[in-house]
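Undergrad: In order, the protein sequence lines correspond to chains A and B. Position one of the first sequence corresponds to residue 1 (our numbering), numbered consecutively onward. Position one of the second sequence corresponds to residue 1 (our numbering), numbered consecutively onward.
FYI, nobody ran anything at the bench for these hints, they're computed from the structure. All residues carry an ideal CB built from backbone N, CA and C; glycine is no exception. Be aware that a few hints might be false.
To be verified - Computed footprint of chain A on chain B; a stretch qualifies when at least three of its residues, placed anywhere within it, have a C-beta under 8 Å from a C-beta of chain A:
hint : stretch
1    : 25-39
2    : 60-68
3    : 76-86
4    : 161-170
Claimed, not checked - Computed beta-carbon distance windows for the label pairs:
hint : chain 1 : residue 1 : chain 2 : residue 2 : range
5    : B       : T167      : A       : Q229      : 22 to 30 Å
6    : B       : N105      : A       : P34       : 34 to 42 Å
7    : A       : A289      : B       : E15       : 42 to 50 Å
8    : B       : T77       : A       : K291      : 35 to 43 Å
9    : A       : R70       : B       : G29       : 13 to 21 Å
10   : B       : E15       : A       : V199      : 47 to 55 Å
11   : A       : D56       : B       : T167      : 23 to 31 Å
12   : B       : R18       : A       : R66       : 27 to 35 Å
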Amino acid sequence: MTDETMQEYASLYVLDLLEGLELDAFQAQLARDPALRQLVRELAEAAAHLAHDAPDASPPAALKARILARLDTPAQAAAPATVIPFKVPCWVPWAAAAVFVLTSAWLSQLYLGSRAAAALLRDQQLLADFELKSARHQLEAERIISRQELSASTAGSTDLNRALQLARQQAADAEAQLTRTQQLLAARDTQLAQATQLVADTEARARREADLASLKIATLASLLGSSPQALAVAVWSPTRQEGVLRVEKLPALAPDKDYQLWLIDPQYPIPVDGGVFTVDPASGAASYAFKAGKPVRAITKFAVSLERKGGVPRAEGPMVLFGP
Amino acid sequence: MKPDTPIDLSAPAAERARVDAALLGRAAGGDRDALGELYDRFSRPLFATALRITGSAAEAEDVVQEVFLSLWTRARTFEVARGSAFAWAVTLTRHRAIDRVRQRNRRSELLGQATAEEAGTQPAPAGPDSAAALLAREHAGAVRSAVASLPPEQRRALELAFFDGLTQQEIAASLRQPLGTVKARIRRGLIRLREIIGGHHD
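Just chain A, with the same shape it has in the complex (with noise of 0.2 Å):
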């Protein structure tokens, strides 16, 4: 990209004139370069001057009281900022990356350890259960017992009862810790959600990251003895398989001509076709949204000829865009 692209991206970047695909593609390249940095704090710098150019006002006087007496809570108790101050977030696609890796290693942790506690809490459930079977044999069999002797003599029969009632006891005490570990076993499957969730997220947030780092910024210098001044910038963006294309002054195409836009990738032994577009006739500009005409995995230039209306397979007009 030249020296005045750049600079153009920059100060469009500053006044929050740059969206969609190339504000996505200024930052990831901003995020890459350190000079580009710079350039941003200082247009940055540049443009908040901007505003002594407002005609001259004074806030009231009892402005300046009625902010001071809001500062009830003090700097060190405010909760941390959420916002961030700056359009300029150098370096936030590292940030991010950190974030997600130290996020994802957490999770994991927490996933692994639930898991880990599920799996604890249902052995506590059966091991309930089998109290509660054993409980309800004693029982069943100390009835036996107590029926048969309950027939032989009547003397035990006090006895007999107090054994049933214990028995009856273990039995309730069992289904209740059967219940508790219900309840926990509940809780448990509700955090191992919520976690798998959260891992999902993260993951849809790392796959934009890395689209965002993996978009390709070129510009097209004119071909065209007649019209040196014709420029281009093309945006592309591997993952999506889609680019924007943005022209200047190219000339003003006649009825049955269309300009055509190509993908040079290596891997194919002809330029891929990359759709057909027309221009202002006054400016000679345009902005193109173009997707491949068959899968590309690296596209080391762009160029754009002129074609007939409705554009070709293989290029046969003049080439009158080339780049980077």
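The hints should help you fit chain B onto chain A, whose structure is shown.
TA: Here is chain B on its own, set in the frame of chain A:
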């Protein structure tokens, strides 16, 4: 085009940025006087900017109040390496003021009413200036002269972006110029302003 008499603001700008950063550091430690001094240094251009964007003194007051409360609560997050305290305050002011205008326009569209009902379009009487405020006014005057030295077409494009929050396409339509011309004017204007303010010469 350069001004006939070059305006060297670079040394004062660096010194001002250093003092501003120190005051913000003290505010981060809970020093209310430091925030008061920052108010004396910043409030006039911030209020003027908010008033220019919103067109309402009452809204401009609200914006300035929100900005200083933000500076107070977020002072600890300030990093000199990412820009000056003044640039941060201006960015906050501009974003909040433009947001208010957009909200107001959305409300008006919903209600089908004009936007001129906003109360208090005239600023209330100003208080006496402190020493810091007087120095700030002197600096502002020098900067205003520097901005005025920009070619009018560059200055107009910058103003439409900075104060009116217009998109590239809206600026081009407003100026009836091709998009490429508008972008070039913005680039040249900001680069020139950087040279004047920061002492850079490419």
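Undergrad: What hint numbers does the structure not satisfy?
TA: Of the numbered hints given earlier, the structure breaks none, since each of them holds.
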